[in-house]
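Trainee: Position one of the sequence shown corresponds to residue 13 (our numbering), numbered consecutively onward.
Just so you know, nobody snuck in bad clues.
Cβ pair distances, simulated, as ranges:
#1 Asp72 x Arg209: 27 to 35 Å
#2 Glu133 x Leu171: 34 to 42 Å
#3 Gly39 x Gly219: 22 to 30 Å
#4 Asn117 x Lys194: 39 to 47 Å
#5 Trp112 x Thr156: 52 to 60 Å
#6 Glu133 x Ile63: 20 to 28 Å
#7 Tyr67 x Ile169: 14 to 22 Å
#8 Thr156 x Tyr226: 36 to 44 Å
#9 Lys194 x Leu53: 27 to 35 Å
#10 Thr156 x Gly65: 29 to 37 Å
#11 Gly114 x Pro154: 52 to 60 Å
#12 Tyr73 x Arg51: 25 to 33 Å
Distance condition first, Cα-Cα at most 20 Å in a straight line; then the derived SDA-like pairs of lysine to any residue:
#13 Lys71 x Phe104
#14 Lys48 x Ile224
#15 Lys84 x Asn159
#16 Lys232 x Glu174
#17 Lys232 x Glu36
#18 Lys232 x His109
#19 Lys84 x Pro49
#20 Lys233 x Gly39
#21 Lys71 x Ala37
#22 Lys194 x Asn213
#23 Lys94 x Gly208
#24 Lys194 x Phe216
#25 Lys84 x Thr210
#26 Lys233 x Asn110
#27 Lys232 x Gly39
#28 Lys194 x Tyr211
Hint data in this document are derived by calculation from the structure and do not stem from the laboratory. Treat the numbers as computed from the prediction; the structure is a model and nothing was measured. By construction, the Cβ of each residue, glycine as well, lies at the ideal position given by its N, Cα and C atoms.
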Amino acid sequence: MIAIQSVTSQTNNEAVIDTIDYREAYGLRLGVDLSKPVRTLLDDNYSGFEIMGDYRVYKDYYAAIELGNEQKTTFDDNITSKGSGSYLKIGFDYNAHNNWVGLNNAIHGGLRYGISSFEQELLSYSIATDAPFFPVDIRDEPITFSNLNAHWIELVIGLKTEVLPNLYLSINLQLKNRISEKAPENFENLYIPGFGRTYENSDFGAGFGYGISYLIPLYKK
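Modelling step: build the complete structure from the supplied sequences, incorporating the hints.
Mentor: Written out as C-alpha cells, the structure reads:
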C-alpha cells in the first residue's frame, strides 16, 4: 500500500511539473520614447516624438526600428538656426541577459543605421567687424535650406524591464558616428533630427532615451 501511494504521489508531482510552460513569447513590441514629449514640454526651443519597435527573430536577437520627427532651435556664438525633419533608424539588438522561467527582461546592445531628411532655417547671424566702435551687424531675415540629409552609425546599449504582463519600461544610451551629410553652403548643420547637436571638427554624437512599450505576442517557442 505504501509503495502504491509513493508511486501515485510521484506521478502527481510529475504531472504538476509537466504543466509548466517553458516556451518563450515571440512577437512585435511597439512603443514610444517618453523623453521626447517630456523635453517638448520643458524646452520651448524643442519639439519631437519617436515611435520604436522590435521583433524577436531568434532566441536573443531582435530586429529593431525607430521612426521620429524633431524640430530644434540652436543658438550658437554668431548664428541662430532651426533644424526640422524626420528620421529612421534600423538595426538589431542582442539580449545578453539570462532570464528565469517566465521573465522576459533584457540587458541589450545593438547597432543602428540612421538616416535623416530635414531642412535648416537660418534665423539670424551676426557679422563681426574689426573696428570695436562700430556695432555688430546682425541680420535677421530667415533663409531656409531644404532637401538636406545625413547618415550615421549608432551603438545602442540599454535595459528593458517587464513591469506588467507584456508591458515594458526601457532606458538606453546611444553613441553615434556621422558618416555623411548634405549641408548648406557656408553654413553648418547645427542640429540634425535623430542625430542631435553637431560640433565643429567632430563626427561623433550621443543621446539617450527612456520609453514604454507593449509586446503583442504572436506565438511561443
